[in-house]
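The sequence shown begins at 11 in my numbering and counts up by one.
Do not rely on the hints blindly, as some may be mistaken.
[As the list claims (entries may be wrong)] Simulated restraints on C-beta separations:
1) Ser329 x Lys294: 18 to 24 Å
2) Leu45 x Gly65: 17 to 23 Å
3) Ala52 x Pro305: 29 to 35 Å
4) Glu132 x Ala257: 28 to 34 Å
5) Leu105 x Gln277: 27 to 33 Å
6) Lys71 x Ser329: 34 to 40 Å
7) Lys295 x Gly130: 36 to 42 Å
Don't read these hints as lab results, they were simulated from the structure.
Only a predicted model underlies this, so the values are computations on that prediction, with no experimental measurement involved.
For every residue, glycine included, the Cβ atom is placed at its ideal position computed from N, Cα and C.
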Amino acid sequence: MTSTLLVTGCAGFIGFHLAKRLLKEGHPVVGLDNLNAYYEVALKEARLNILQEYGNFAFVKASLEERQLMEDFFKEYRFNKIMHMAAQPGVRYSLENPHAYIDSNVVGFLNLLEGCRHSGVEHLIFASSSSVYGANTQKPFSAHQNVDHPVSLYAATKKSNELMAHTYSHLYGIPSTGLRFFTVYGPWGRPDMSPFIFTRSILSGEPLQVFNYGDMKRDFTYIDDVVEGVVSLMDLIPEPDPEWDSAYPDPGTSFAPYRIYNIGNHQPEDLMCFIEILEHELGKKAEKEFLPMQPGDVKETFADISGLQREVGFRPSTSLEQGVKKFVEWYRDYYGV
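All chains should be built: construct the whole structure from the sequences, respecting the hints.
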């Protein structure tokens, strides 16, 4: 079987929503995922069951770090475009299990790049992360800033992905677009992220662990806005930037067919404000345990999205109130609470 589009991490949060959107639009999609147990596998399987209702979807269970398996995979399938959303996610877990991040995010990404190299892929779009900004405090975060001071191994692996993709873009002419996602949330979200954790804690009467004593801001970005941004870039194939200057190298563009963009809401929200909105939607006040900053975490994220606005007219349209409401509705329905 051949297919035009590959979505890796198709049973994950962003990959699922992206694959579903592409399937609805009629694209033949191959989804790849290893269904690992980093968080509840039943949630991943439930997402996958929805995708498998589409006749234009084929699923392959595989781990990117399995070199021979990936070589065989790219011999069997040919893709015009690849949307690489698979990764070992999570800042805090990277302190506990660092090898998982090197295996999946570095070795696995290398195997994907090799597949692109040998199969003539027209466009590789890959997920990076706002975490690459690390110790940088210049706001808003811009793709044209250097990001050389990560504060977690997860962030370091995402920065590595950007460097690896650029190298392959230069050496083998693979058009590559890296997307730095900012705190994506919404229905079918990840259980290791704050909307899920806080909702579960509030409903069960457990105290919320509020880090940095609540003095934090996040550029919460609703999943539908993220998917809109990714889809809008599919046909925007990067080309070498004729204005790129090696004496003043711009990290967001290149002499190679390579680009980096932020996908965020461009509107940081106070963590305590987010909790208040969640309490309102749940109809229940949270008990809070205020704690110091977690290792590897940052105080604030704030996306400069001018690049996407300029290139594809990207405009996030979902307010935090609307997004939290939709997430809570999904959560209550899915878990029957």
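Here's how the hints hold up against the structure:
Checked against the given bound of 18 to 24 Å, the beta carbons of Ser329 and Lys294, roughly 22 Å apart, stay inside it. For Leu45 paired with Gly65, a C-beta distance near 22 Å keeps the hint of 17 to 23 Å intact. A hinted range of 29 to 35 Å for the beta carbons of Ala52 and Pro305 is consistent with their spacing of about 30 Å. The hinted range of 28 to 34 Å is satisfied by Glu132 and Ala257, whose Cβ atoms lie roughly 31 Å apart.
For the hinted restraint 27 to 33 Å between Leu105 and Gln277, the CB-CB distance of approximately 29 Å keeps it satisfied. About 37 Å separates the C-beta atoms of Lys71 and Ser329, a value consistent with the hinted range of 34 to 40 Å. Separation of Lys295 from Gly130 is about 57 Å and departs from the stated range, judged on CB atoms against 36 to 42 Å.
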